[in-house]
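*Asks:* Here is how the chains run, residue by residue.
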Amino acid sequence: MAADISSGGSSTITTYQGQGARMMLPAWVIIGFFLVLPVGMMLVYSFLTKEFRGGVIWDFSLAAYDQFFFDRGLFGDEPPKIEWTYITIFWRSIWQAAVATVLCLLIGFPTAWFIATRAGPARSIWLFAITIPYWVNLLIRTISMKFLIRDNGPLNEFLLAIGVIGEPIGLINTNFAVQLGLFYSYLPFMVLPIYASVERYNMAYSEAAADLYASKWAALRFVVLPIVKPGIIAGCILVFVPSLGAFLAPDLLGGAKNFMIGSLIEEQFKGNAGNWPFGAAASMILLSMVLVVLAFYARAQTKAGDR
Amino acid sequence: MANSDRQVAVKFETVSKRYGTFTALKQVSLDIFDNEFFTLLGPSGCGKTTLLRSIAGFEDIQDGAIRLFGEDIAELPPNKRSVNTVFQNYALFPHMDVTENVMFGLRMLGTSEAEARKRAQEVLDLVQLQSFADRMPNQLSGGQQQRVALARALAPNPRVLLLDEPLSALDLKLRQAVRLELQELQKDTGITFIFVTHDQEEALTMSDRIAVINAGEVQQVGNAREIYEEPNNAFVASFIGETNLIKVDVGEPQDGKVAATLPGGVQLNCSAAVGAHAGSGHLSIRPERVNFCPLDKANLTGTVQRVVYLGTDMQVEVAIQSGQTINARVQNTQMAVIPSIGETVGMQLDAAAARVLGA
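Sequence order for the protein chains is A and B.
So the first sequence is numbered by this note's numbering: it starts at 1 and just counts up by one.
So the second sequence is numbered by this note's numbering: it starts at 1 and just counts up by one.
Everything labelled a hint here was simulated from the structure, so no lab data went into it.
For glycine and all other residues, C-beta sits at the position ideal for the given N, C-alpha and C.
Possibly wrong hints are sitting among the right ones.
Claimed, not checked - If you only want the chain B side, here are some residues facing chain A, beta carbon under 8 Å, derived:
1) Gly20
2) Phe22
3) Thr23
4) Ala56
5) Pro78
6) Asn79
7) Thr85
8) Asn89
9) Ala91
10) Phe93
11) Pro94
12) His95
13) Phe104
14) Gly105
15) Met108
Sequences and hints are given; from them, build the entire structure.
*Replies:* Set out below in structure tokens:
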């Protein structure tokens, strides 16, 4: 009898394990097909030689990375100097993405706080309202933004009409326009994770802080922010990372002066003028930067977990 | 010490509070003295927590005034009031260790780091948590968390400590131990403790004085003995312990005494609560003050309906002439004579323990 039970038990476990492996299959297919394969291809392409009309020649070459970092003159025979063009574009992208992230945080945190502290039904309505614009295609929304802020657009006309300004302010094709576009595109990615954190936040902590002589600001600084920090970090990453590689907002709102990584990479794969290995190399450099950011995040999370 | 000589720590002057159409506090007036263990006792939703939170500043009051050592504090935000709270679920800051939690109030007051650390150690000694100073709240048991909350609230040396049902999350054994500790802590520190509970046993064992609250009104204020033995009204009598409320004919009260005619015609001279008046009324008597006796010595007779075994006692339910049921307690000793069901029994109500209640 006892033997029956134990053999029955172990066979159940075996079957279950078999099922477990099979149930993992879709996940592995997705990871393999949509993550490992494309990134792997990108990595390989970045080390190949470019074909002049787009595409690659299967010869190993470091030319793409060399072109990114070094300037060897027009004919490639001068001693290498640092090539600042692409580094500047990268630096500008990081700056734009950082400003957009800070903007999203400054607006997103109070918004998330407001929504999370509403009563049940109102909360759902506010959350829904936040997501409504995202039912419209990003391209359309970015173009609309362009119309809104151009010199003879509604914003300038309104400001002119009420007499705040004497002539249209040149918003379009500025860094600010790009930051505004990025901010507008990614705000919900800031609001939603912070909302999730704040919703779990126990308001008794704020009462305890006030009871222990903390002003509103001290309570925010020493109690609220540290407790909802995981949501804030998640929101910042979800805004910063796609902003870094964005090309719609910089392209449509920034113009040629405000070129960002996303546009640089996009150009390498468009039409006949492209340089696939160079585009792949730029993507790999972008990816490494993102991984560095994520590594910092992971380390912060582990530290928090240790405590 | 006569109450009139004592300094008032917290004074409620006709305080009212409404949520929409619901009235949480009705014209509450109450004096809580310095250095006393004062308990707000009442069923859930009676307004006792609202009263406590209005001292801390978490509830605005709509009418009246709250004075802390004479100063009107109604307009002060919570962080400007020199009172501290032990919250019901402690609300310990989850991202700070025990010492940091305890130091928080002192840091906010601008105390130097060294001094704050020294004071934190002092209060952690006081609640016997020295060895847990570096733990995070989630590494502590419920009882330990409760002590940290207590230490955190005591660290800034408040003039009044507010305790919002701090024992309700603990198991029974621990609760009984903590009661005594809290009482000793109050005597040692000399800080006024205002304690909110719905547990009458907790209130009776710990408090210097108790305010019984129901439906947003103070029903009675007094020490444990007064509340239990001299209840003002039916609510107090039945909320604190168990009681029998017998319908009686009441004579004209005089000097706190009154003659009550029991069902069956026997007259009993007993104490009268404030508000007791002639006519029909209720007489309260505790089950342990109803004694069985021979029929010829009885002032009340009836038929035994039920006998319930309670461990230390037996509860005997007796139906009397008027149809009411009287509960009597008989101690479960070898000598106890337990009447059997259906038997006609005589009962002697102890006149010294009987009280005619106000409306």
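*Asks:* Now, for every hint given, state plainly whether the structure supports it.
*Replies:* Outcome of the hint check:
{"no.": "1", "hint": "Gly20", "verdict": "14 Å, violated"}
{"no.": "2", "hint": "Phe22", "verdict": "17 Å, violated"}
{"no.": "3", "hint": "Thr23", "verdict": "22 Å, violated"}
{"no.": "4", "hint": "Ala56", "verdict": "6 Å, holds"}
{"no.": "5", "hint": "Pro78", "verdict": "4 Å, holds"}
{"no.": "6", "hint": "Asn79", "verdict": "5 Å, holds"}
{"no.": "7", "hint": "Thr85", "verdict": "5 Å, holds"}
{"no.": "8", "hint": "Asn89", "verdict": "7 Å, holds"}
{"no.": "9", "hint": "Ala91", "verdict": "4 Å, holds"}
{"no.": "10", "hint": "Phe93", "verdict": "6 Å, holds"}
{"no.": "11", "hint": "Pro94", "verdict": "7 Å, holds"}
{"no.": "12", "hint": "His95", "verdict": "5 Å, holds"}
{"no.": "13", "hint": "Phe104", "verdict": "5 Å, holds"}
{"no.": "14", "hint": "Gly105", "verdict": "4 Å, holds"}
{"no.": "15", "hint": "Met108", "verdict": "4 Å, holds"}
Checked against the numbered hints given earlier, this structure breaks hints 1, 2 and 3; the rest are met.
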